[in-house]
Amino acid sequence: MNFINRALKNVTRKMSKSLLLGLTFFLIGNFVIVGLGVSSAADNAKILARQKMRAVVEYSVDHEKMWEATKDFTEEESTEFYENNPVEITLDKIKEIQQDPRVKVVNAIGNHQMYSKSFENVLVGNEENNNSGGTYFETDEFGNTVEYEHIEPNISLKTNAFDNMIEFEDGIYKIIEGRMYTQEDIDNMSPVCLITDKLAEMNNLSIGDTVTLETMELRSLEYYEGATVEDITIEMEIIGIFDNSEELDPSDPEYDWMSPHMSPDNIVLTTESYINSSKLKLEIMAFDSGKLEYPDIEYYQDEANRPSLESMSYKSNIIILLSDPLDVDAFVKDYTATSESEYLVFDANNETFLKLSKPLDTLSIFSNIIIWLVIINAIVIITLVTALTLKTREYEIGVLLSLGVSKTKVVAQFFVELAIVAVIGFTLAVMSGSMIASSVGNAVLDFQVATADVEIDEDNDYNYYAETDYFTEVSLEDITSKYEVTISPWIIAQIYVAGLGMVLISILIPSLMIMRFNPKKILLNTN
Amino acid sequence: MSILKLENINYSYVDGGMKRQILNNCSFEFEKGKFYTILGPSGSGKTTLLSIISGLDSPESGTFYFDGEDVNKIGLNKYRRNKIAIVFQQFNLISYLTAGENVQLAMTETDNSVPKNQKEVAYALLEKFGIVKSKADRLVSRLSGGEQQRVAIARAIASNVDLIFADEPTGNLDTATEQEIVKIFKMLTEEYGKTVIVVTHSNAVSEFSDLRVKLEGGNLITL
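Listed in order, the protein sequences are those of chains A and B.
Under the working numbering, think of the first position of the first sequence as 1, with each following residue one higher.
Under the working numbering, think of the first position of the second sequence as 1001, with each following residue one higher.
Note that these hints are calculated values from the structure, not bench results.
Hints are supplied without guarantee of correctness; some may be wrong.
Subject to a maximum C-alpha distance of 25 Å in a straight line, what follows is the list of computed PhoX-like cross-link-like pairs (lysine-lysine) [stated by the list, open to error]:
{"no.": "1", "chain 1": "A", "residue 1": "K9", "chain 2": "A", "residue 2": "K358"}
{"no.": "2", "chain 1": "B", "residue 1": "K1186", "chain 2": "B", "residue 2": "K1214"}
{"no.": "3", "chain 1": "B", "residue 1": "K1128", "chain 2": "A", "residue 2": "K407"}
{"no.": "4", "chain 1": "A", "residue 1": "K281", "chain 2": "A", "residue 2": "K391"}
{"no.": "5", "chain 1": "B", "residue 1": "K1214", "chain 2": "A", "residue 2": "K520"}
{"no.": "6", "chain 1": "B", "residue 1": "K1032", "chain 2": "A", "residue 2": "K14"}
{"no.": "7", "chain 1": "A", "residue 1": "K14", "chain 2": "B", "residue 2": "K1119"}
{"no.": "8", "chain 1": "B", "residue 1": "K1078", "chain 2": "A", "residue 2": "K409"}
{"no.": "9", "chain 1": "B", "residue 1": "K1019", "chain 2": "A", "residue 2": "K9"}
{"no.": "10", "chain 1": "A", "residue 1": "K93", "chain 2": "A", "residue 2": "K409"}
{"no.": "11", "chain 1": "B", "residue 1": "K1135", "chain 2": "A", "residue 2": "K9"}
{"no.": "12", "chain 1": "A", "residue 1": "K520", "chain 2": "B", "residue 2": "K1019"}
{"no.": "13", "chain 1": "A", "residue 1": "K65", "chain 2": "A", "residue 2": "K407"}
{"no.": "14", "chain 1": "B", "residue 1": "K1005", "chain 2": "B", "residue 2": "K1133"}
{"no.": "15", "chain 1": "B", "residue 1": "K1116", "chain 2": "A", "residue 2": "K409"}
{"no.": "16", "chain 1": "B", "residue 1": "K1019", "chain 2": "A", "residue 2": "K521"}
{"no.": "17", "chain 1": "B", "residue 1": "K1032", "chain 2": "A", "residue 2": "K9"}
{"no.": "18", "chain 1": "B", "residue 1": "K1078", "chain 2": "A", "residue 2": "K521"}
{"no.": "19", "chain 1": "A", "residue 1": "K409", "chain 2": "B", "residue 2": "K1119"}
{"no.": "20", "chain 1": "B", "residue 1": "K1078", "chain 2": "A", "residue 2": "K407"}
{"no.": "21", "chain 1": "A", "residue 1": "K315", "chain 2": "A", "residue 2": "K355"}
{"no.": "22", "chain 1": "B", "residue 1": "K1135", "chain 2": "B", "residue 2": "K1183"}
{"no.": "23", "chain 1": "B", "residue 1": "K1128", "chain 2": "B", "residue 2": "K1032"}
{"no.": "24", "chain 1": "A", "residue 1": "K93", "chain 2": "A", "residue 2": "K104"}
{"no.": "25", "chain 1": "A", "residue 1": "K391", "chain 2": "A", "residue 2": "K95"}
{"no.": "26", "chain 1": "A", "residue 1": "K17", "chain 2": "A", "residue 2": "K358"}
Keep in mind that this is a model prediction, so the values were computed, not measured.
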């Protein structure tokens, strides 16, 4: 007849007391289950909606903030401001971000418009109506008006500082032959490239062939004293052919104006390091020429601004793809604290998501308040009930103590008695709570959605044509459709843990009372 | 050889501003296997003495030894659990347990060696004291006073201790039942070799005992 057996006998043989206590636990359990169910559903809905969104973070210059800061400045003040607030993301910072274990891929992309020499671009299909290019007029050094023919660049050379791109991760680009450039290619500035399958097919190009491009119009060479055709010519070996699943939309109003380099078929991929090394000479020439031509402009006189491979690798915008969408907020928070400038910001583009998830946040907070109120009240009620019951059981405790039963075992018996009733009460509550949690949860959410202010501003972000939009937006329906109140095994486990926790806390004060009991006094009083 | 030896036990309390010395250098030796009765007028301190030597209370000063071992060294709780058993006037049974379960309770709690088939042993013990199985399965609150006291005695010997105390065990019983209970105590010493120390007012009880001891002036005197 150990303390567990005694507890069982007490519970089963003092049925009215057990029923009342069980009913209390049952009611408490129902409240807690509804609260936990609703809170968990709200959190899950947010998580699922967040997971639906891409785990993309943009680190870029906050032009709006800079404009706000400088809008009332004089030109001189403005120049000084920009000199004191470098708004470039350094390669060191980009590498630091890329090495973060949460990061999957970093797009530190460079877009270079080029002119193909050894091959033809893929036709866009708008050539008949395209009015881009054409002729334009300039005044020469003798004051004569000269007519020039403007040739549109036809190839977009995309570079990255790393050996992967978000487009490959997303399956937008797929290598169908050969390989992507490697870190070794980047480190060695290897003249290698990948071309689209359309370019390859049209020009009968294959792996191992060489392609030649020019970085600018031949006519522009005259601005660089001493520059030759070799300085603007780049030659690369094709190491890979990829398929780009992006397509143009002929119904788009801008379609007619598009240049060939804007076509997803006219993309060539190569390493950032190779292109920078190829363009460095001309960049330095331009700087030196500016130095001579504009002696009053401080920028050209400061040698620190002389172009270098390092400075050419700086970016004003990078896109970071994380492995887990749920890491986005923490990632943004962590890196915002270490941002190189207050005008360089990390943006997860989740303002809409945060605004839309407000009803769920309210629901979650409301549910958690209910849970804690119920738990605190339950502890107070059960403590009082147990303490009052103890008075009526003093005699029994005195008998047990006179038999040499330790006070710890007496407390353990009381705990087991409460725990048995609690487990039964909570088990019944799990069954009934599962049924009511869903309807209560849905009703509260409907009310929240109906009353919350979830007006969304129109999206003012503008993506340039043919520029990849890495972000995904969600709607209120996307979020609320994920809201489903279910009582998972985890919630059930939480109920039992919370219940036993309540019992444990509730037994504390009565236990202290028991510890102070003196068997002689009890027995003398009762006898 | 003594099973319980008292050495200079003192105990007093303050009553109405006056200090009352209940036990005054009380020394005594109780022999093994004997049936003792402690007599004395009301207020002489019999129950106080019993509560001290049964480990329910501690003396102000003095020592008492169980089988030659200082009880303080054994520990009062352990002493109550393994060395002695107490039978009270009010029986002190657990009301929500049956008679059999009350007896089993003593077997479960003691560290002494007890049989494994506790349920059967409990039934057998109760039957020995006149509680048949059908009654042994009843809640103790549904038994008569005499039956409850038999259950209390059965519980006392179930824990396999050598020393049994009883505080006015027949105080609530009629004369016929009183005699039956006293016979049981006698049997405990004769058949089971237990030492029984009974505090009582009753001459009928004391007549059955091997030794009659009187508490007088805070000390025990053999009559």
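Hints, one by one, checked against the model:
| no. | hint | in the structure |
| --- | --- | --- |
| 1 | A:K9 with A:K358 | 51 Å, violated |
| 2 | B:K1186 with B:K1214 | 19 Å, holds |
| 3 | B:K1128 with A:K407 | 32 Å, violated |
| 4 | A:K281 with A:K391 | 94 Å, violated |
| 5 | B:K1214 with A:K520 | 22 Å, holds |
| 6 | B:K1032 with A:K14 | 42 Å, violated |
| 7 | A:K14 with B:K1119 | 22 Å, holds |
| 8 | B:K1078 with A:K409 | 14 Å, holds |
| 9 | B:K1019 with A:K9 | 46 Å, violated |
| 10 | A:K93 with A:K409 | 62 Å, violated |
| 11 | B:K1135 with A:K9 | 18 Å, holds |
| 12 | A:K520 with B:K1019 | 20 Å, holds |
| 13 | A:K65 with A:K407 | 69 Å, violated |
| 14 | B:K1005 with B:K1133 | 39 Å, violated |
| 15 | B:K1116 with A:K409 | 21 Å, holds |
| 16 | B:K1019 with A:K521 | 19 Å, holds |
| 17 | B:K1032 with A:K9 | 38 Å, violated |
| 18 | B:K1078 with A:K521 | 19 Å, holds |
| 19 | A:K409 with B:K1119 | 21 Å, holds |
| 20 | B:K1078 with A:K407 | 12 Å, holds |
| 21 | A:K315 with A:K355 | 30 Å, violated |
| 22 | B:K1135 with B:K1183 | 21 Å, holds |
| 23 | B:K1128 with B:K1032 | 23 Å, holds |
| 24 | A:K93 with A:K104 | 16 Å, holds |
| 25 | A:K391 with A:K95 | 70 Å, violated |
| 26 | A:K17 with A:K358 | 44 Å, violated |
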